[in-house]
Each structure stands twice: as structure tokens, then as C-alpha cells.
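Top line first, the protein sequences correspond to chains A and B. Mapping to my numbering: the first sequence position 90 is 90, numbers consecutive. Mapping to my numbering: the second sequence position 30 is 1030, numbers consecutive.
Please note that the accuracy of each hint is not assured.
Claimed, not checked - Subject to a maximum C-alpha distance of 30 Å in a straight line, what follows is the list of computed DSS-like cross-link-like pairs (lysine-lysine): (1) A:K237 with A:K221; (2) A:K26 with A:K66; (3) A:K66 with A:K162; (4) A:K162 with A:K221; (5) B:K1082 with A:K237; (6) B:K1066 with A:K136; (7) A:K122 with A:K254; (8) B:K1066 with A:K392; (9) B:K1037 with B:K1050; (10) B:K1019 with A:K372; (11) B:K1037 with A:K407; (12) A:K162 with A:K122; (13) B:K1066 with A:K372; (14) B:K1086 with A:K237; (15) B:K1066 with A:K235; (16) B:K1082 with A:K207; (17) A:K67 with A:K237; (18) A:K221 with A:K207; (19) A:K29 with B:K1050; (20) B:K1059 with A:K136; (21) B:K1019 with B:K1037; (22) B:K1050 with A:K207; (23) B:K1037 with A:K372; (24) A:K9 with A:K58; (25) A:K237 with B:K1059; (26) B:K1019 with A:K407.
Derived from the structure by calculation, the hints contain no laboratory data. Small disclaimer: the values here were computed from a predicted structure and weren't measured.
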Amino acid sequence: MAEIGHGGKEIVERILGPAEAVAQTKGLKSVEVRSQIANEIIDIAYGWFTPLVGFMGKADLDSVCKKMRLTNGAVWSIPILFDLSEGEVSDNGIKEGDSLLLTYDENPMAIFEVEEIYDYDKGEMCQAVYGTTEDKHPGCARTYQYKDKFLGGKITLANRPKINPPYAPYFIPPLEMRKRFREKGWERVVAHQTRNVPHTGHEWLMKGAWFQAYAELSIEKPLVGVLVNAIIGAKRKGDYIDEAIILTHDELRKSGYFGDHNHLTSLTFWDMRYAGPREAIFHAMLRTNLGLTHHMYGRDHAGVGTYYGAYDAHRLLATVQDELAITPVYSMNWLYCPHCGEITSEGLCNHRQEWQMFSGTLIRSIVQDGVKPPRLIFRPEVFDLVMECAEKYGFGSPFVTDEYLEKRTPVFNIPPLSA
Amino acid sequence: MAEEKFPINIWVNEERYEKLQTAGLADMCEEMLAGLKVIRVYANSAQRDKILQVFPTAKFDSATTKSIELLPREVKDAIFGKVVEKRSIDILEEFLGQY
């Protein structure tokens, strides 16, 4: 049965078997890639980025910037680009029509069929995608760091990544994910996008979205699941370490706040662009390819600073809703009400003067002060696991430090290629 | 119109609570979020901006809590020490004077 992904296109893994890979990579010019590109190669090859089959050419990039669509008409909001400097192109004698061997960890990773080499105005790209050209916007900063030449063309993975512990069980590519959903009997699955260790506000966002997605379905057997899809990519100092994020989300299931019948944790490799509304669309496309039917969106989804309004993402989603195969589930804030003595929604509780808001930032601050938050706010199993991760993976800290950035175990490696 | 104030939440762990009790200041604590003890030191907007500039890891949670968070633990300890020394939460101007 064909698995249909975003844009109505079949999801096809672009991955060579070992013998083919050895034969087809022989004699190719090699180019080492950085982690962002390696992440995106994986996303292209396994189908997270369907209908893309490679890095964008100029027409697609221009269309994405100006119309938020690929040239084939499919909605697409974020440029997916491969860059080299003019010197790297000329020194390596790279020209249109070449096939390159892309390496990572200095081992063969993928074949890149270079169809086009082009320039594009980075300021124009920033304005279109991020709504600003300010280099303090992290998405713009990333754009300005691209080298001067862009190369478009198809990608084929020649060597599967080796996902390192503790991440391996959470690497579930689109075709496998869809199989898992069928095995679980889930008719609807709602995505929870995260880069955070969950507090009970997040837990209730998920539970609220689960109720919303369940709607009119029969309650005689479990038919709806929550998929936590953690974004794993570039880290900033002070973020929670990746190991803590992924393991604590799964801990909510293991400790019974959810169960196997309604909760699954997974990851997607992606360096966040903080593009707010456009990133919200992008997340919808990724999760469509993973087989999800619903996607949670709260306030200022994937935003940064004060660049986007709280509900800009919702409004942009509404403009293309008919073309997305995923239904947005909008979530109000969850908070603690001392009068109710419970976590509640701002849309439900009317003890407004007594509300105590909390955020991931506030909880990080509590943990940093050496205080264990109450279980109504932060589950004790989650807190204990955060501390365990600090010792086991974080060099004593649950937050990203210089030492962590320097010495952490990579999420994945590319092993040597052998037939 | 009253000037807007932005709290720095000093979460009171056992060690800090012991110091407050010894100084006879335990009743300075407020209770938040289902039982957490906290001392709130308030900054005006100029002090908030200076804090964010002097301590780059600090973050102003503009979306949800309107509080200044993620100051390094040692900075929070120093602010807490000043609160205990002065027996007051009105210490930020003096504290920031050294930076």
C-alpha cells in the first residue's frame, strides 16, 4: 500500500543497500557536510521532507520565499538548502551534472546529484521567511551564515546513520511510524512539538489535545494517541540537554501519566529556525509525513522574542488549511489555580485574580535554584530523571554547558561504509 | 500610573529557608505553585534591562510570567544574601550598583 505524504506525494525512502552504495559511491568527489546538512539529508532520505527529494533549486527557493509553495504547487514554508563557498565549488571543480559523495564524520553518507549551482539574496530570503532581516533573529543569523553558492539536486542516502543511546528507540522514520500507528489501532494521532522537559502544563496541553482530537470517536477502545515529536538539533547554552528532553517525555508514559495505549515519544532531526508562523506550517508538513492527523499549536508557536504575534501562526495555518492533511488543535494556556487546587485552563477557570502562571523558563529557574517543584507542577519521576540525566549525560548539569557541547555523545554517527 | 515591576523569583530551598529562619525572616516567603516558597525581589524596567545585559543567561519571560528568570545560581545566592543582610527585599539598586 502506498503511503501518501504531504502534497499528495508517495513517501519513498531514498536509501541504497550496502553493496549498491559501495559501487555507486566509488570514485565520486567527496564533500564533508556539517550537522545541519547531515540532519536534513536524513530528513530527505527517510521521507520526513516529502515531497522534497533533495536540496532546493533556485525556482523552488524563489517560489517558497514568494508564494510559500514549491514549484509543483505544494505548500512549503522553509527553504531547504545546500551551500558551498565559491572557492569550494571551484577548488573541487564542482559543476552542474556532477554527482558528489557527501561525507559526515569523514565517512560516506549520501550521493548528491548536483543539478544546479546558483546565488540568492539572503536578505530577501530572510524578509520572506522570517519577516525581518535582523541578524539577531536566529533564523536570519543562520541564513546569513550560509556560504555564497547554493546547490540544488537529488539526495540518496548511501549509509544509514547509527543512532546512539539513549536516542535509538525514538528514531522512528515516517514509514515505520505509520506502521506503528496501525499496530496501535490509532485512528487519530495528535503531535506534540517539543524542545523542553515536560512540566504539568505541557502534560495538560497533551491531555487537552487528546480530548479535542477524540471528539466523536467511539470510546470502546483506544483510538487516539499523542505523539511527542522532539526536535533534536543545534543546542543553545542553557537549554535542557537532549537526553533529558527525550527520556523525560517517555517517562510520562512509563510512570503512568499516559500509557502505551495513548502515548509515544519520537524525535525529528531539525535545527529550529524560529520562523514562527512559517515554522508552524513546516511542522504540519513534517508531522503529516509521519502519519499524524492532528497537530497541537499553542501561543507563539516556534516564535522567538517579539517577532510574531501570539496567534499569527494560527492565522497563517488557516490560509492553507484546505491543502494540509493535518488538523490543527489550538491550545489555551494551562496554569495553576490555588483556589481550584489544580492545573486548569485559562479558558475554564474564572479565579483570574488567583491564577499562577508557569512556563518552561520558570521551571528551569526553580530547578537551577536547587528546588524540587511540587508534583502538581513537575512530576517527581520527571524531576528525578532530569537529575539522573545531569549526572549521566550532562557533566553534572541538566542544562547545556560549554562542556556538554564539547564532549557530549553525538545523537548519531555515520559509520564506515562496507558492503 | 504605577511603575511596572518585574519580579526575580528566588526559590527558597532548604538551605535558604534555614538562613531565613535563623535571621527571623521566614515570614518574608510567599507561597506559589502548590507549596513552593519564594522571595520576590522586584526590578523596574531600567533595572530589568541592566540585569539582562549584565547576566546574558538571564531571560525575561515576557509571554507568561513577566518575571526575570535563569539568573545564575551564584547571582541568586548573592541577591538572597543581600535580602537577609538588609532584612528587606528592596535591595536591587544597591546590588546592581556593583556592576
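Against the 30 Å threshold, does the CA-CA distance of K1037 of chain B and K407 of chain A hold or violate the hint? violated (36 Å)
Need the status of pair K237 of chain A, K221 of chain A: alpha-carbon distance at most 30 Å? violated (44 Å)
Satisfaction of hint between K207 of chain A and K221 of chain A, Cα-Cα up to 30 Å: holds (17 Å)
Need the status of pair K1082 of chain B, K207 of chain A: alpha-carbon distance at most 30 Å? violated (43 Å)
Sort out whether K372 of chain A lies within 30 Å of K1066 of chain B, counting only the CA atoms. holds (22 Å)
Satisfaction of hint between K1050 of chain B and K1037 of chain B, Cα-Cα up to 30 Å: holds (26 Å)
Restraint status (C-alpha distance of K67 of chain A to K237 of chain A at most 30 Å): At roughly 35 Å apart (the allowed maximum being 30 Å), K237 of chain A and K67 of chain A break the hint.
30 Å limit on alpha-carbon distance, applied to hinted pair K1066 of chain B and K136 of chain A: holds (22 Å)
Does the alpha-carbon distance linking K66 of chain A and K162 of chain A stay inside the 30 Å limit? With Cα atoms ~38 Å apart, K66 of chain A and K162 of chain A exceed 30 Å; violated.
Hey, K26 of chain A versus K66 of chain A, does the alpha-carbon distance stay inside 30 Å? violated (40 Å)
Satisfaction of hint between K407 of chain A and K1019 of chain B, Cα-Cα up to 30 Å: Roughly 37 Å between the alpha carbons, so the hint for K1019 of chain B and K407 of chain A is violated.
CA of K162 of chain A to CA of K221 of chain A, is that 30 Å or under? Since the Cα atoms of K162 of chain A and K221 of chain A sit roughly 37 Å apart, the hinted pair is violated (cutoff 30 Å).
The structure does not agree with the numbered hints 1, 2, 3, 4, 7, 8, 11, 12, 14, 16, 17, 19, 22, 26 stated previously, though it agrees with the rest.
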